[in-house]
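K.L.:
For the protein sequence lines, the chains are A and W, in the order given. Take any residue in the first sequence, note its place counting from 1, add 275, and you have its number in my numbering. Take any residue in the second sequence, note its place counting from 1, add 22, and you have its number in my numbering.
No lab work stands behind these hints: they were computed from the structure. Worth double-checking, as some hints may not be accurate.
To be verified - The following label-pair restraints were derived from C-beta to C-beta distances:
#1 S247/W - D859/A: 31 to 39 Å
#2 R842/A - P138/W: 33 to 41 Å
#3 A183/W - T630/A: 33 to 41 Å
#4 L156/W - F655/A: 37 to 45 Å
#5 A183/W - K893/A: 28 to 36 Å
#6 T852/A - P138/W: 46 to 54 Å
Stated by the list, open to error - EDC-like cross-link-like pairs, simulated, lysine to aspartate or glutamate; straight-line CA separation at most 20 Å:
#7 K253/W - E713/A
#8 K253/W - D708/A
#9 K179/W - D719/A
#10 K262/W - D701/A
#11 K262/W - E739/A
#12 K253/W - D694/A
#13 K756/A - D562/A
#14 K705/A - D255/W
Note that the coordinates shown come from a computational prediction; the quantities given were computed from them, not determined experimentally. Don't be surprised by glycine CBs; every beta carbon is placed ideally from N, CA and C.
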Amino acid sequence: MKKSPKTSVDRRRFLKGAAAGTVATLVAGSKAVAAPRAAAPQNATAPLLPAEVDPRGVVDVLTVDHPGSDFMVDVIKSLGFEYIAANPGSSFRSLQESFVNYGGNKSPEWLTCTHEESSIAMSHGYAEVEGKPMLNLAHSTVGLQHGSMAIYNAYAGRVPVFIILGNTIDENERRAGVEWYHSAQDAAAMVRDYTKWDDTPISLQHFADSAMRAYRIATTLPMMPVVLVADSALQEAPVPTERRPQIPKMTMDAAPQGDSGSVAEAARLLVNAENPVIIAGRVARSDEGVARLAAFAEALQAPVIDEGGNLPSKHPLLSGRGVLRNADVILGLELSDFWGTLNTVRDQQIREVSTVLRPNAKVISIRTGETFIHANYQDFQHYMAADIEMPADPDATLPALTEAVKKLTTDDRKRAFQDRGAKLADAGQKAWDRQRAEAVYAWDASPISTTRLSAELWGAVKNEDWALIGGGGNFLWNYTKYYQRMHGGSAAGVGFASPAAVGAALAHRKYGRVPIHVQNDGDLMYAPGVLWTAAHHKIPMLSLMHNNRAYHQEVMHVQRMCDRHQRGIANASIGTTLLEPNIDYAKLAASMGWYSEGPITDPKDLGPALKRAVARVKAGEPALIDAVTQPR
Amino acid sequence: MKTLPAARRSLHQARVQSAVRVPFRITFRSAAGLLLAASCALFLAGGYATARAQRAASGNAQNGKSLYTDKMCAQCHGASAEGSTIGPKIGPNPPAYADFVNQIRNPIDKMPAFGPDSVSDAQVADIYAFLQSLGGSAAEASPAVVLAPGNADNGKKIFVAYGCFECHGRMAQGAAATGPRLGPHPIAITAVLQELRHPANEMPPYTEKTVSNAEVADIYAFLQSLPDPPKPDSIPLLSK
């Protein structure tokens, strides 16, 4: 039956619910106020009521026992959210009250955030560790506008984020002035280009149904953000006593597996190849997934270019991109940019393309990324034609593919595979030795080299139960567990790293790990208030500032243009550096409740400072060490 | 012969003991030729003067042609040594033989090292002979440029002022994401000049309007002056 949005939420329906006994106090007013009206057109039908009667009347309702937002909280609790990240906003005031009182501020627990870009990026980081979304609340137009870049990052990074957006659809429910600025006809439209789904429920049952659907859509591959608009009137009106809304059953989708024919053909190509190469994007979602990828690579003894941080860092089949040059079969697993992995667009005046793909090489792709794309934003990357394309989850497909490879592997092929594996292991060790030999250059330099920075951090945490939640480890770092790395992506929108790290650290907290983060200075300055959120909610983490006092990527871009235009680079720092005054990040962090030290310029001072900071983190505090570094 | 401006030359002559003749071709080819691209940070550059003194290798060019493919040189440097986004152009007119051998055995960048066990000395000579056999045109040979030995102190300053450090680090140590190590023990100055004026990879071009030859010499002197680093085994954090 078709419903009118207006009739489901308007005041007359509210009065009907109140008359049924839900509302404790109801005093019906009788004073009629003549509202100014435009002259009726001559052919208009006669009004149903006399012109001097305001059909809305005046009703003085002061309290409600069981608002719709209580039911919304019941729905949200059924989805298993641990936390809500939000900056407060009046468009969801009823929901906020229901969460902290009716819901007891537990499961989910409210996190006070100072910016929607921070709160949504925190959810992004949390989801990368926990594999499921945190709840976000955003305040109508302005809150969503603040959070939109973080939503885009999550969309491009294929990370689930669940956003409830306050809004007031019925103009008669808005107070004059600000509430009109903070209302929209189609509130989620602004981010529809970079969310997977949204809805604007007009009843509580609709809200419950759509919440289930939204969660399922957000967490089905490719995972992405969703938005559910929670109308303020629906939040604040009482739950109807007749036809009470019900919480639907939740069923999650199984991950899609590659079809048997494509799997068999892929296995045939891989087994017969002399130089197969596996390029792994976001494949594993657990330690079990890591084991599945390792088992597959080992069955072929094929090199793995690991772009997704899947395999343990000392796995003998890990390889650099050099192996692509000789590859006759290339298997791409959930690559966000397969074409860009094989091709290079040179950043000179004329953008020439070159490829490492041999003319007769076969390309196989298994990915879910192509199964959902929008038109406008170009996050889907360059078109890539594969010889076999499986729109499937690699993690779910690998067991069948591994089995198919093993069945086709003869003894002769097995011996060839073993020879190949031995050579790869040897090459890998030599590559590691070369990196170690290179690490000594500028070891004692000031500003501190990034290699020294990473080595000192590794030295400070290697004996802890650590997890890197952003920034760079290098060849020294020994990743053995899935959770020790972040596994999402982003649209490279700056300002994301610091809140994402706080969200990730929160996810690690209950496991007692030591979360560590290499923080870029320019990124932190977008919304440093997230430091306060971490301190306020006692989220332990170590943030090591990679303080090169610049937006260094942009320095290089402007410098490139200076060179290309042959005008000298003297002015390349205008607008790209963070100097005069130097920002004191230790003081900034201390002002928001963090343990902090710095700025540190002598590399010899860095290790001891990091050890002191790790001790604080293990005691439950956030700690920041400000290291003045070389650009890269 | 292309020479430095008189004033600049005087300045250099005042601060150096002796001048060194460094033959160098500065030939700006077509845009298409310019942009034979190389994306990795490989810093071995080729394509400069045939007029320069270089030791003739006594290799077998025909054998070198096969080795060039078999040893996968072509995968990075192109089928005709013309360069790609991975590796620079190395022929015709390859770099000096000593530099060529040094780069193969002890690459200063991301190029994998090829030891004698994988490419013998004789095979290196054969490959070099192949590169020589490709034959540079007469137009590619150009007059030499006289570069005086530079001033390391000034080179250190302009290494920063001209933004070299942004990609290569303040001690020219290199960075994985942006640019290779340049020193100590830099590659031949001819190769440095070639890469500056006519980069084979992602490096932005530094023309003489931006960095004069004399300043390049100063930067080169700075790179030469860099001290050797400590041994990895002497650093506990780098223990295996």
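K.L.:
Now look at each hint and say whether the structure bears it out.
P.N.:
Status of the hints after comparison with the structure:
1. In this structure the hint that S247/W and D859/A lie 31 to 39 Å apart at CB holds, the actual value being about 34 Å.
2. Checked against the given bound of 33 to 41 Å, the beta carbons of R842/A and P138/W, roughly 47 Å apart, lie outside it.
3. Evaluation of the 33 to 41 Å hint for A183/W and T630/A yields a pass: the beta carbon distance comes to about 38 Å.
4. Take L156/W and F655/A: their Cβ atoms lie about 42 Å apart, and the range 37 to 45 Å holds.
5. Taken as a hint, the range 28 to 36 Å is violated for the pair A183/W and K893/A, whose Cβ atoms sit roughly 44 Å apart.
6. As the Cβ distance of T852/A to P138/W is approximately 47 Å, the hint placing it in 46 to 54 Å holds.
7. Distance check on the hinted pair: K253/W and E713/A sit about 10 Å apart at the alpha-carbon level, within 20 Å; holds.
8. Between K253/W and D708/A, the direct Cα distance comes to roughly 12 Å. Compliance with the 20 Å bound is thereby established for this hinted pair.
9. Restraint check: the Cα-Cα separation between K179/W and D719/A comes to about 19 Å, which is no more than 20 Å; the hinted pair holds.
10. Of the supplied pair hints, the one linking K262/W and D701/A holds, its CA atoms being roughly 16 Å apart against a limit of 20 Å.
11. Taken as a hint, the K262/W and E739/A pair is honoured in the structure, with Cα atoms around 19 Å apart against an allowance of 20 Å.
12. For the suggested pair K253/W and D694/A, the alpha carbons sit about 33 Å apart, so the restraint of at most 20 Å is broken.
13. Between the alpha carbons of K756/A and D562/A the distance comes to roughly 7 Å, so the proposed pair stays at or under 20 Å and holds.
14. Straight-line distance between C-alpha atoms of K705/A and D255/W comes to about 16 Å, which keeps the hinted pair within the 20 Å bound.
Hint check: violations occur at hints 2, 5 and 12; the rest are consistent with the structure.
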